[in-house]
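Student: What follows is each chain in one-letter form.
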Amino acid sequence: MTLSDSILIATLLLLITQVFGLLRAVLGPSLQDRMLSVQLLGTGGVALLLLLATLLSVPALIDVALVLALLAAVAAAALTRRGKDGA
Amino acid sequence: MLDLFGISLIFIGIGFYAAGSIGLLRLPDIYSRLHALTKADNLGLGILCAGLALLNGGLLYAMKLLLVWLLVLAASATTSHMIAQQALRRETN
Amino acid sequence: MGIQLWLMLDLVLSGLALGLGWAAVSSRDSQRSVVFFIAFGLLLAIIWARLNAPDLALAEAAIGAGLSGVLLLSALRDEPAAAAAGDMIRGPKALLVTLLSLALTALFAWVLLQTLDVADKVRMADQIAAQLPNSGVTNPVTAVLLNFRAYDTLLELAVLLAAVLGIQALGPARPPYRAAGPLLGGLIRWLVPLLILTAGYLLWAGAHAPGGAFQAGALLAAAAVMLRLGGDPDAGLPRPRVQRLLLVAGIAGFLLVGIVTTAIYQSFLNYPDGWSGGLILLIETAATLAIATTLALACIGGRPAGWEPAESGAVPTRQRESK
Amino acid sequence: MILTAELIYALTGVGLFGMGLRGALLRRSLLGRILAINICGAGVFLLLVAISYTGPGVAPDALPHALVLTGIVVAVSATALALALGRRLRETARE
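Protein chains in written order, with our numbering: chain A, 1 to 87; chain B, 1 to 93; chain C, 1 to 323; chain D, 1 to 95.
Note that these hints are calculated values from the structure, not bench results. Here a beta-carbon is modelled for each residue, glycine too, at the ideal position from N, C-alpha and C. Treat the hints with care, as some may be off.
To be verified - Stretch by stretch, here's where chain A covers chain B in the computed footprint (C-beta under 8 angstroms, at least three residues):
#1 9-21
#2 33-42
#3 51-57
#4 71-80
What the hints assert, rightly or not - One side only, chain D facing chain C, incomplete, derived with CB under 8 angstroms:
#5 Tyr9
#6 Ala10
#7 Val68
#8 Val74
Claimed, not checked - Stretch by stretch, here's where chain C covers chain D in the computed footprint (C-beta under 8 angstroms, at least three residues):
#9 15-21
#10 80-88
Extracted from the complex, chain A is given alone in its bound form:
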């Protein structure tokens, strides 16, 4: 088995953990549970992008991982801000 095959298997396994993590978003029950699940996809997505950067030899995907990390924080902040002032 080559090195890139091993990384590919790792990527596949990571993706499968994300599928399980997303089941929590389907099950809920509260909004916060769903948000946790999305947060897991955010950090898992960063890891997936870093693995894909190596696999496809596209170093720019590291920049994408950086942007995803930044914007996932913005989205999470927006999620917790909702409905705070009753509006």
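Got chain A sorted already, so can you dock chains B, C and D onto it with the hints?
Tutor: Okay, now just chains B, C and D, sitting in the frame of chain A:
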């Protein structure tokens, strides 16, 4: 040899992600789930980044991965805390 | 072995996309739908990366996973009724719509299968690659957007301007958020400068690597949105007069370059040899500012305070400086 | 017919389009409909990018990428405009 070590680290990192996902699914309440998840975020990604840095070499590359990891660390610490606060507010209301 | 593994990865990614798309479209209430939509945006960024489209992955990470989420969440704030259950129509009409959609999807899939193999093998990619050395940049996507098809991008900026003017015409901005607590305040203090810094990097990198005006503009807009989430009603934007100038900056930059090239070379937006790189960077900088202002105002969802010149004579005095 | 990445993602795009269409017709709330139309659009984007994919290590066609890039930005501004219209509609109905 270095490659083997790097790959092992990547798989260990993914093991943490798996533990986080299972924790998110199996644990009974939001606070313990939050706890499981932050483990996955912080340790899993850190170990995976270390493994990737070993595989690819290059100081600039390693620094970039370190930056990504620190960002995720700082962001997830704050957002998890805010989610916990919101969950607590929901319960007390 | 590698090929089968890739196919498995592709199947899992596609399955996830279909699952999240389904969940976003057919959840019982809008709140759930929005959360699934954000997850769908995150996943789409990963799919673009997988399909060798880092430019798209960058834009999707900034817009699909970030800005659209914030936008829909703030819309949820002013549509509380939509968060209630029972948002889907049920009954025989729903069954009919489902069957018709299914038939249309099957038809499209059949057409796709029929045409995918017979597609013309002479692709635009070869022509783009051949002309790339003359474009002034080495990132093919930037070359298409700002050189080969610069007209399209100019008109797209006009579409963005039209959209934001429509939003401004419809009413005042959404009510601002409560002031940030220490937790969110701390996040904003490091996240906003970092977003602005990354935007600058992507704008500059766009000439030779994935990035460019759209991605940089989206990140700047995200910085503005973050400030608004922290309680700043104007999202850190400058005075309304300056906002207006920024909104048209992209189109103005394009037109200016176009008019100058027309005057000298009798050809609109046909850059002179050796000048392409500089002119593209000039246009892109203006476009970044315009796109950032447009997206930020779009997320605010209306006219910010002080936008219209003194209707009742009482101009709201601005206590703060621009930041 | 061999299963390739292009085919998988192109069919997924078609599927997302159909799903979004159904949602846009069946949702009651405006927000739900706008969201469904966004899923529709994402399906079209996915189809365009999938057919420009030429295998790992080969530079894909940049023209559809540029098209989709502008599409993503236009989609978000159109969404913002639609949401603003919806808000105004609700306010007008209340008066």
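Student: For every hint, state whether the structure bears it out.
Tutor: The hints, checked one at a time:
{"no.": "1", "hint": "9-21", "result": "holds (count 8)"}
{"no.": "2", "hint": "33-42", "result": "holds (count 5)"}
{"no.": "3", "hint": "51-57", "result": "holds (count 3)"}
{"no.": "4", "hint": "71-80", "result": "holds (count 7)"}
{"no.": "5", "hint": "Tyr9", "result": "holds (6 angstroms)"}
{"no.": "6", "hint": "Ala10", "result": "holds (6 angstroms)"}
{"no.": "7", "hint": "Val68", "result": "holds (6 angstroms)"}
{"no.": "8", "hint": "Val74", "result": "holds (6 angstroms)"}
{"no.": "9", "hint": "15-21", "result": "holds (count 7)"}
{"no.": "10", "hint": "80-88", "result": "holds (count 8)"}
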